[in-house]
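Order-wise, the sequence lines are chains A and B.
Per my numbering, the first sequence starts with residue 1063, numbered consecutively.
Per my numbering, the second sequence starts with residue 1063, numbered consecutively.
Be aware that one or more of the hints could be misleading.
So the derived label-pair ranges between C-beta atoms look like this [claimed, not checked]:
no., chain 1, residue 1, chain 2, residue 2, range
1, A, 1440, B, 1426, 54 to 60 Å
2, A, 1152, B, 1114, 40 to 46 Å
3, B, 1121, A, 1440, 42 to 48 Å
Quick caveat, the hints were computed from the structure, so don't treat them as lab data.
For glycine and all other residues, C-beta sits at the position ideal for the given N, C-alpha and C.
Protein chains: 2
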Amino acid sequence: MNYFSSHFKLGILGGGQLGKMLLFDTRKFDIQTYVLDPSDEAPCKIACNHFFQGDLMDFETVYNFGKQVDVLTFEIELVNLDALEKLENEGTKVYPSPKTLKLIQNKGIQKEFYIKNNIPTAPFKRYATLKDLVVDLVDSNIQLPFVWKCTEFGYDGNGVKVIRQTTDLENLPNVECIAETMVPFKNELAVIVCRNPQGEIKTYPVVEMEFHPEANQVEYVICPARIDDKVAEKARAIALNVSQQFNHVGLLAVEMFQTEDDEILVNEVAPRPHNSGHYSIEASYTSQFENHLRAILDLPLGNTESKVAGIMVNLSGAEGFSGDVIYENIEKILGWNGVTPHIYGKKQTRPFRKMGHVTIVNEDINEARRIAEDVKNTIRVIS
Amino acid sequence: MNYFSSHFKLGILGGGQLGKMLLFDTRKFDIQTYVLDPSDEAPCKIACNHFFQGDLMDFETVYNFGKQVDVLTFEIELVNLDALEKLENEGTKVYPSPKTLKLIQNKGIQKEFYIKNNIPTAPFKRYATLKDLVVDLVDSNIQLPFVWKCTEFGYDGNGVKVIRQTTDLENLPNVECIAETMVPFKNELAVIVCRNPQGEIKTYPVVEMEFHPEANQVEYVICPARIDDKVAEKARAIALNVSQQFNHVGLLAVEMFQTEDDEILVNEVAPRPHNSGHYSIEASYTSQFENHLRAILDLPLGNTESKVAGIMVNLSGAEGFSGDVIYENIEKILGWNGVTPHIYGKKQTRPFRKMGHVTIVNEDINEARRIAEDVKNTIRVIS
């Protein structure tokens, strides 16, 4: 197949920042792209070859869009699965596969998949409704504290809550959910795996999510993770196994916990380029986006190793500001060594809205960490 | 000035591959762009915010385009200078300045500028027409061999010819030209300088153009140049001086000869991102394109040092092929360590047409050089 400056068409469901960063590489290779997104202001609207506005959960819209392209991928999981399955049955290459997506879209099914395939994960129970969970709790079949997770449509901390006392269950939606045992962990890690249809498979180095000591929020994604080599090796091996068990094609970001006694537990996966791999644009020989593209087009995978250490800081809308966005002090951080802001292109900020990220690279990871902290304390997303 | 996700407008004259690569960074920073190019199939057409089709040499077209934007730059020197001057006089920021462009557009004036400012360059004489040159030669005021260069509109070897015997002058156009003394040199070097309006100035490392031993054609651009540190230091100092003498804003690529006795002579300059800096996308902390953008927007300049060694190989149309392009064996080179093809997006190949380039990065420059040779011998631009 000739992908380069040809009539080949790659379809992308979703036109957000992940798609936008993927388009840097389709442009670099001059691969023709079709993008579908509900918003007329989607960051992908420019830089793709053809933009279509439409509902990603609507069967007809997704099916008709998919019929126009040769290979179909997605940058968001919330897409119409039936349409993807029909397209795949009719011969369109859909990567990652709708089968994988089906296993992942529901967290209960995802967790059951891990158990079935001997992939270590925190113990849990699955409930059709919140009421069923409450009954089980009253019957003392589960113990406080635990982590409540709704099984579908959660993202970025939405749909996840630590339940320490029964009153914490008030106001939760009465939907399908799981109750997961709270496992004390010392690190949250992630490994991005890429795999092509021929079965070539590579992992990026293990990254570490460093949390704010009080706010319990991820502040920095650090590559490589500052952990013991043996633990890193174990995390990579588990991530590879997860990708192989899914028979996955494309990127799979595997989020994991490192427990107090150095066990690795798989938390959840994302079948696409992932926030934990953004550092790779500047730090890696091949960015996660280029490797996603290589994987779904069955091209050889690029080197996943790093040229230098990389740290990512998210740029989220500051509390108390809504409206036309201003990146306060961005000129200041641009003057520092190895600092690259990525502005996603959303014109309006809101509290906590993901507006961009900043990558800090340096030969010395400690120096990168120091600069990252300065970046975090300097730039502000206001209006 | 708020450039990021704002109403600020950057205008770019020319929509070719240099503009296309610049747009990766305007997209990364979400800076609004207007592009003017004569071709409806310009590589910049997608990924800019507003594309205008029009003649870059036409006063009205360039002037009206420029009136719409806040800062105006160009990716090609062949633009209407009068329009730029009028725009600058009326308050539009034009970077690089039309004054510099005026000094550079004509190679005779450019050479005289070097002489006047004590910048080392090969001896030359300037002629209003080829006939005047011939008269001077007949009168023995200049000696064979010498290098004939037409003073305007030459590019990529067009408009340059080594004259070894008088018959070599046949068929040359009867235009303004210079006759330059042939100075034996052992290396062709280049240094990219960036400078912002505040006067912050940085150079990229010295790169080396390695020539094919027989064809006398540049085959590889190698960063850093494999030359003595003292010579590199001299080349950087001369390049810095050239940029300062021009009072230049933006990128200035300074091409130089290293003579047999390690003198540095300035050959010519280009006031824009340059082929000799393409390696910087993968190898440098800040690419030449991002630094051009930072410079013309008066932002702090990024780190010009390299993370790893970088080598660039041009992808030109193979002889004997015209028509819909095919990049033969591109899948093969994608499997090699640190290899990144850039496909400019021209749908039709012609012999020697610049269709793209390939960057090879590696910690070890010798290993990069070995892979670069394999790349050169493997990929072919055919139809």
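Against the structure, the hints come out as follows:
no. : hint                           : verdict
1   : A:1440 with B:1426: 54 to 60 Å : violated, 37 Å
2   : A:1152 with B:1114: 40 to 46 Å : holds, 41 Å
3   : B:1121 with A:1440: 42 to 48 Å : holds, 45 Å
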